[in-house]
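Construct all of the structure, not just a fragment, from the sequences and the given hints.
Per the numbering used here, the very first residue in the sequence shown carries number -17; after that it's consecutive.
Don't take each hint at face value.
[Unchecked claim] Below, computed lysine-lysine pairings styled on DSBU-like, alpha-carbon distance capped at 30 Å: (1) 27 to 250; (2) 222 to 67; (3) 176 to 710; (4) 649 to 599; (5) 467 to 240.
Just so you know, these hints were derived from the structure itself, not from any lab. Treat the numbers as computed from the prediction; the structure is a model and nothing was measured.
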Amino acid sequence: MKKRNTAAVAMLMVLGLCASASAAFDEHLNEYTLDSVVVEADATKNKFGDTITEQSYYRTGGDVKVISREEIEKRHYTDISEAIKRVPGVAFQNPGYRGGEYGFGSQYNNGVSINGDTRVIILVDGRRVDNTASARVNSTSTSGGKGTGVILDQVTNMANIDKIEVIKGPGASVYGPDAVGGVINIITRKGGDKNVGTIDLSTGSWSKHNYALTYSGSAGDDNSWHYFLSANRERSSNTKYKDGTTGVVNTLPGSRWKEEGVNIRLDKDFNEKQNLKIWYNYKAGEDGYPVTAPSTKYWNKDSWQKIMFNYIVGKLDANNKVATKNKLSGESNIPGYRTIYNTRALYGQQNEFRHNDLDITYTFDKGNGMDSFVRIYNQNHRYLTRGRMQFSVFGGAAGIGFENYTSLYPNGASEAQLKAWMDANLVPFPGTADSETVKNWVSKYGDPNAVNTVHVEKNRGLELQLVKTIGVNDIIASINYDKAKHDSINTKSNTSQYLKRDSILGYVQDKIHVSDKFDVTPAIRYSYFKSINTDMTDRSGKQVAYNNKGNVSTLTPALNAQYMFDNTSSMYVGWTKICRPLRPGDYSLTDGVFKTPLEDEKGDTYTIGFRKDLSDKTSVGVHYDYTRMSNAIATLPIWSDADNDWKSTAVNAKEDKKSFNLTIDHKFDDHFTLSSAYAHAKDVWKAKDGWILDPNWDYKNADDLNVAINSLRPQNHYSLNLTYENGKLSTGLLTNWYTGCNTNAFSDNRFLILDWNLNYEIKKDMTAYVAVTNLTNEGYETIYKSRNGIGAGAMPARCFMVGMKYTF
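Next comes the structure, spelled out in structure tokens:
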């Protein structure tokens, strides 16, 4: 406690010193600035070649890619994942459908990794949007969920986004000691001086319909008020997918979804150095929850009966009696096993979410591209999982149930009798979601009002940042106090859970302009996470055991530098100390067979990069990351003396991760531009001293995404982004080629995905467009779970969208 108080006082003293330091210096002291910029196409860059954004003053070098508003509009990206998938080193683990990201385990969530690391931070206008008390959204290490704590595509709607900044490696250390992979910073739109409105309507495959409306401008006698308003609605019927194992195009039952959102941003510019921003975000949706794609090879009535019988009843013994103790599960035991999960989708399983976010920021000073501000924020997120059948595959009380099967046929049964019994008592083969048998079954046994789990997650906080330029030093100091809460009720297990956690995050950075060609930026972060206060009970009021590690207080330094050789080339290096405090999902683990309490993840990450303009039309960049974690959390097969066998258990282990990115940008002429990239990442895991790791372990059966990352993610990612613009016509082709896929997890060892768009300006204020994703109708997956087998996470098939945008 004494250490924590001392560190907090020291941080506050630094903030005070920064606010008053200028009085001690002569007003004529020369200030070294880096305000000179070069404007290239849509990007504004400084002399080092760094792209400048609203938060770029935090960075010194680093590998940063920016998705501009112009690109978002011309490519017609429908969500954030789609917008940043072209960035080298960015990979997504998607289950193949839009909804369900916060239910039934992290294997079915939409996850993102940067350079092979899922420990990624999501920001809106430089503010973290995760909830440190979250016990549901991407919170559990054992299943690959030790990542963002945020469902990326539910943060805000695309009409509200000005640009998306992807920062890789330790250059993003200001945002937290756990930004191992990097940061995705979503920067929102601000109204301009002119009043402008847009209406964007599109429709296409699978009855997909998108509607978006924006209106922005200024008000007041001096136009000092700026406003930006947006509203959107999106909906789709069931998605189609191509089964990578059979090549058959099928409909994914229960994957329909609808979402909507409203955004309001008001800005008041008092003068050149002071302004007020008020931002409100509402986003809600009702999404189907199919869990996995059915295996088309076994999508027929005969296979359905075999699968259901093996799963529900089990094997028959030598006397044709039901051997209930030998009940089977998993794809390896029951080919086509994952088809069972479609009982959730076909009988009404869905997830719902509703977000209400408020952010008020007052900037009271600006200088040298830096802002001094105070910010208050409030996030209120609600998630609901609704299941009509509660995953029941029997006929309820009216059904016979397999317990009574042996009494009906004590001496065995004929095949006809077995089929008749299954038809009467087990879930009928769905065929399609509209089949009469399904409707009758749901009507007879389903509960349309059944709710499994309701989660409410809130966090509110206060952030203060002070900046000052003193000679050749650009100093930034900030402190953030956050109160996070998680409240949930599980009607299925008859338990409730209430968690809360307070945290304090402090940061001091000094960007030292050593010379016109050399910047060095030392920094230090202070992180304090209070012990999670828990109230976890069943409905009778009985307390449920909950493992709690206690308070976490840590200081983590960072050092970044950048050097410019000449006007055409520069390099950067960086290092940061990593500390990822345990999250609620980690606390509640049983900690495997050893019952060993888990410790915070700790390690170091390093980066080095080089940029070179080969000509006025061609530039190249090379980026290398190395992360060495001494205390990473993973589920590993460790030898257990008590069981005399290898047992999977959550432990702190060693992790070495290496990644390499290469980018080449070339402008052929005034019309054609090409951006190309290559990314490669690899992890090596080792058990710590005292534990013996199974020597036959080859990743393929591991459920921990962070451990099995070499099997559950393509080794190589090549991307080509070709654009053509000529007067009223613009078009683009995005190519993503993934190679080195492990065929123990993927239906092929390589996938080629093409996305194409075409825009044509019919008249000054009206543009028509076409956008096609997965142009060649490739069957592919980005996620794998051994229990469900290869192809379970089939991604959407080819999708056409046509639309019109009108500006008024």
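Results for each hint:
no.	hint	result
1	27 to 250	holds (27 Å)
2	222 to 67	holds (21 Å)
3	176 to 710	holds (23 Å)
4	649 to 599	holds (5 Å)
5	467 to 240	holds (27 Å)
Violation of the numbered hints given earlier is absent; every hint is satisfied by the structure.
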